[in-house]
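Colleague: Here the protein sequences come in this chain order: A and B.
Take the first sequence: its letter number 212 is residue 212 in this note's numbering, and every next letter is one higher.
Take the second sequence: its letter number 151 is residue 1151 in this note's numbering, and every next letter is one higher.
Below are the EDC-like pairs computed for lysine to aspartate or glutamate, each with C-alpha atoms no more than 16 Å apart in a straight line:
| id | chain 1 | residue 1 | chain 2 | residue 2 |
| --- | --- | --- | --- | --- |
| 1 | A | Lys42 | A | Asp87 |
| 2 | A | Lys152 | B | Glu1268 |
| 3 | A | Lys102 | A | Asp137 |
| 4 | B | Lys1205 | B | Glu1221 |
| 5 | A | Lys66 | A | Asp87 |
| 6 | A | Lys111 | A | Asp87 |
| 7 | A | Lys168 | A | Asp131 |
| 8 | A | Lys195 | A | Glu160 |
| 9 | B | Lys1414 | B | Glu1070 |
| 10 | A | Lys102 | B | Glu1268 |
| 11 | A | Lys66 | B | Glu1221 |
| 12 | A | Lys111 | B | Glu1268 |
These are computed hints drawn from the structure, not numbers from a lab.
Fair warning: this is a prediction, and the values are worked out from it, not measured in the lab.
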Amino acid sequence: MHGRPRRPDKPEDAAAAEAKAAKLRDLQTQVLRNHHSHTYSKEALGLSFKLLELNPEAYTAWNYRKLAFQHNLGELSELEAIKSSIDDELRVVELALRQNPKSYGAWYHRKWLLNQKLAPVDFKREFGLLDKLLKVDARNFHGWNYRRFLAKFMGVPEEEELKYTMDKISDNFSNYSAWHNRSILLSNLLTQQKKGFESKQKIFSEEFELVTQALFTDPSDQSGWFYHLWLLAQTSSPENPQLIALWPSNGAKLSLSSVREANDKQNTPFSFSSICCYSLKEGILPIVLFFNEPVKGLTPSSVSLNSDLVVGKDIQWRPLSVTNSGHSNCWVTYLEVSNLEYCSSQQFSVEISIPNTDDIVSRSGSIYNCPVNFTFTFEPNNIDSITKDTDLIHDPISWDCSEPLPSHVKPSCIHFDQLKITNALIQEESKWHLERLSDELDLFRELPDDNSKFAKLTLARLLLACAAIKSRGSSLIERRGYCEEALGLFNDLICLDPSHKRYYEDERSLVLMDQLTCNMESFMKYCSVQVLPNLAPLNHVQLCRLSLTRIGFVERLLWVQMLDLSHNNLRSIEGYTFPYAVTLYVYFKHLVKQGL
Amino acid sequence: MVRRLSLRSPRTLRARRPPQRGPPPLPPPPTAPMDSPSQPQQPLPPPAEGGPAEDSEAAELPQLTVTQVEQMKVEAKVADIYRVLFGAAPHTKSLMLELWRDQHIEYLTGGLKHLGPSFHVLDANRPWLCYWMVHSLALLDETLDEDVEDYIVDFLSRCQDKDGGYGGGPRQLPHLATTYAAVNTLVTIGSERALSSINRDNLYKFMLQMKDTSGAFRMHEGGEIDVRACYTAISVASLVNILDGALAKGVGNYIRRCQTYEGGISGEPYAEAHGGYTFCGLAAMILLNEVDKLDLPSLTGWVAFRQGVECGFQGRTNKLVDGCYSFWQGAAVALIQKLITVVDEQLKSSYSSKRPPGDGACATSSSTEAMYYAKFGFDFIKKSNQIGPLFHNVALQQYILLCAQVLEGGLRDKPGKNRDHYHSCYCLSGLSVSQYSAMVDSDACPLPQHVLGPYSNLLEPIHPLYNVVLDKYHTAYEFFSSE
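This is chain B alone, in the form it adopts within the complex:
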């Protein structure tokens, strides 16, 4: 039943002599990323070529898997960049660690004014483009021209379906993810005109229609059901204050079923834990006030270990680092910082015992029918960070500033990749999260040692449950709770 791994250099298990492959290619990130010099890079071993099965007998050293070769290439690139940093004079260092605000602003505003032709694949995702750019600019504290704002509000109004929800463009079917993007954009613009353009009654009806009998949401009529759909629905509903028991019912149990033994959350039951879904699942559970259904200690462990030697985060076990997970994973950790009470409660079970996630029979939703759901998001941000950062927040800033910034403006996945608005948005969101995560209060000004590079790198704080700038959130909260 169990077969030997026949494709690698055969080593009998009983001999138990692991291969001598030399030290790992990169030393782990030093405590303070600037303090210690990086070691010289090991030369890259030749990539695995040809049918591995044939030449495995001959190989003295084990061949590397494709995955390993790719990983080493990335580590080498990142190490090169860091080596330059460590070798640089103090003044140069400071320059290297600067956030290129002006360039990013230029890239983002340019994008807003006219979306280049190569963006055609996103024609079903135009509200997303609006959100990525508008939110990024808000993080940089850059105000938009009024006519640009008006143009966006008008455009999004045309995307709004007459029966509620927003589509990827005018006349397209309403879709939960683009609804999230549209609503977050409007909240970020924050004007009376923007906020009142959302038809909340119809939005509520649309969301009810998207609800599956299981309690989970589907993306659009006839569309797929997953954790992303659940998060975007719950986030929007909470933000515009239409979340109630009918929408909330059953969502928590679905998300709980998506937590894997690793601790992270997958897109659908039985799938693999994934950074994006982990954020979505965790944030939705907090907004539903059902977070104790998740196994938080194992979730914390999973997320924390996604930060690698490159200082950035990977999205899944044994995948390459990617700047966008600076937000998905980084914000998940930031959320946990405010949940330590719940984590500790769960940790009281003896640490070696398996802790299956929460109880399915629990009727939280029905007992909370009368709850004021929007309060959960509001109160959450007021909670203090009960402990310091659970990840290396300064190292993450180092990755974003040195590896994800593009000189011409915009941010990217990793060195060697192109910039785009998606990565710009989530790298900057992650940067903001990591700058503020060492503070006890979520909007207190961070101390200089928590902001890597010049203090002018400091971005606006966000509300991590919705990923909108905190001030904008408060305006929207007031607006929608008075309606």
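One chain only, chain A, in its complex shape:
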């Protein structure tokens, strides 16, 4: 299908072309006849040889030669005869590749032949052939595929192959095929912990040096930038899934209030609310766990929940926004609290812990390995006491324990950085990642502004990678600086490269959401508490008129009860099945209806 018709460059003499075509058709007819009559004589084989030399696309002829080879092999006993028979096949392939170096049939025939394992393979001949072909077309992917096949087949150490990619890159650093193969080889070597490849940090530092050198030699070449992107992905992502947010947060003290709806005095379902609690008709308290990548395997045994409250027999963790495979970023369970006595001022505590467990796994199969333990307490309250002595309407919520709390607000907190991951290994890794990325940042900031979109995009991605690492540490505020700079870059890119405007707009929206929500000072401007008739006060977040095209960082909005996203440029609301619909649905549905 991707085989292009190779028309002669100049219209040949029509008669000669016609003669050639007639000869070819004649050959083809004879070969097909031999194929159907199972004629495998030397003469018949010779004809197929001629046909394939002229037209390597004749795949039936390749198949015929395989059958003939196997048939004739039965009659050969001497190794020399077998060798010569193999040699014939190798030669057809070589001649065919001379005619069309991208012939699927020819390359496959050679692989098939080697896989028969009838005679030792001539190492030099195979790699010599490849060298020749890759010299003519360094990007011939058939050639690179064959090289990977051959290296594996012959047991060539991957270290050797890595050297070969270096040679090819030295010949022409625009050769992306070589960079690509390098990424494959390095991944394998690092996974297998081969000698010299034990330290990911050392290897990636060297690779960064190498690719940066290529990029500085010529920033306008694409290949290095894409390899850089691969390195960045390897450097900026944690190996194992991580819990990045939860609600209610650790140490939170919730006060649950019941609200009586005026029009239904008899059988009023309780509604709970306070600064940080949910307004739920059913009288249930959701507990939400949010991971940085989709995971599965949350069960009562992998996540334990203890409470002095009588908890229903089985606590079931349910995935929100589930994929076919059952993985989800967001897991929730619901505590029944409807039958509590609300007059008492008793405190209930809930303790949740995730021990070291093999059960929770990401899509790639890496296991969750940061044991955590968190507790929150809640106390039933009477709605009257709240509404009387507080004026919540204009008071923003508070979400950080370290911030001074307004006196009238119950000491509840929303941490974005709700978990301190204390695992030493991860911290050390993050530290290295951050140092590495900071070095890269310093370097790329020095690239003169020649309006290279690759340079700007890479710089933006580096900044975001740094920002992401910062979020795993405790310095959310530093994140703002990175975001600020990245925003500027995406704004530049939108002007510089309008073809990809939408992509940049989406990226910019994510950064903007990150920036707005990453610390209290900035987020405060968008938050308020709303009191609606007959309802407990609700946490209200307005992210309006921000030119957002996409929503992100929903893990920081776990506590939001009303979300106003009006007057943005959201392209579709369809995708945003907000996992927290339990808390947001009233207003959110309303927004959907308005059709944003």
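Model the placement of chain B on the given structure of chain A, informed by the hints.
Modeller: Using the frame of chain A, we list chain B on its own:
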């Protein structure tokens, strides 16, 4: 272990002074390709000559790699063409942007009537020739003479193997790619005679035989296994309504293994991401209803960035632009426009975290045993485009109309290359995709601003999963679902 790149002008890394090579040769495409004038072209630097290792010391400016020189040559050619356009009077502009329908029709029908002798290399690919021409003519809304249609149906029947599937010619081994070409041709012809000439029972048996234990398909008996084989098998099976759990099993997991870290899909595991295979892999996954196994955000990013300053698409990272990728890449983006819900779902993981593609253990195939597979393709086309185009669809039309059209009819890879039927087919298919991609409904008439040049340039809409004209698809769908 890491060696310095010794062959370029040596610059110590610590000095960190990148070379001053002047601005890049071409400005990025303007938002509306017609609005802003192109900047004067930088003179081409001399190509790298001789052994680069020897004279690198002397070079003040870094030498360009062969790849870069080739790229600049193409950019210069394309820039010349666009410069003429920007400088032209409105009337001339409109003429320049015209699709030369008559010439293309003449070239294509001429090709159908007698295949010239120089096409001999395609003797193992004759159903492909039929498809490229018949489909191109259908895109141009040109009906074939009945006797030509009959001739093609008869010819393809002779290519049909007695045990199922179509070969590259009569008596040749049945082959999945030529089967795809043959079936798409017959669907495009669309007559009762054409559609009923397909022996579906045998076709099904042939496909089962081509299935490898891994779940992937091989091209033909004793042939290679790759993503192309998987797509052609799944597309045909879905189109003629023989796709079932037995054929579908394991294909998705194989294709998933071919997605690279760049986001695109390669022909086989560990190979490089490639435009043709990316389309094939993505379309097959949609037809299998397993598209969530792919990492769609990174796939989207990869495809979108294959559109270059020339306004057309390249097939792989750092390769030259080629008109045929107007379809392979352009249609992949068009498919994603209908998958935004799935993309968003996947994007909910924090954007900086690595997102390995879907879960291998997932048993989608077995749970969907009873599914009506042909419905996936049918329902998909009814989905609205959930967002606007993810690539510059008007710029792509500009590349096709100005750089790929050949005055005598037919379309080509890039300026300086010869026309051929393969490129004619995929340039026109890409043109159709880019004309309709700004519309919410896939078959609604595009607004004039989305059709570059005169509105008469508008082609017939296609079903992007199969690349057959939409009307023809619907006829075939009805035919095969009633059988």
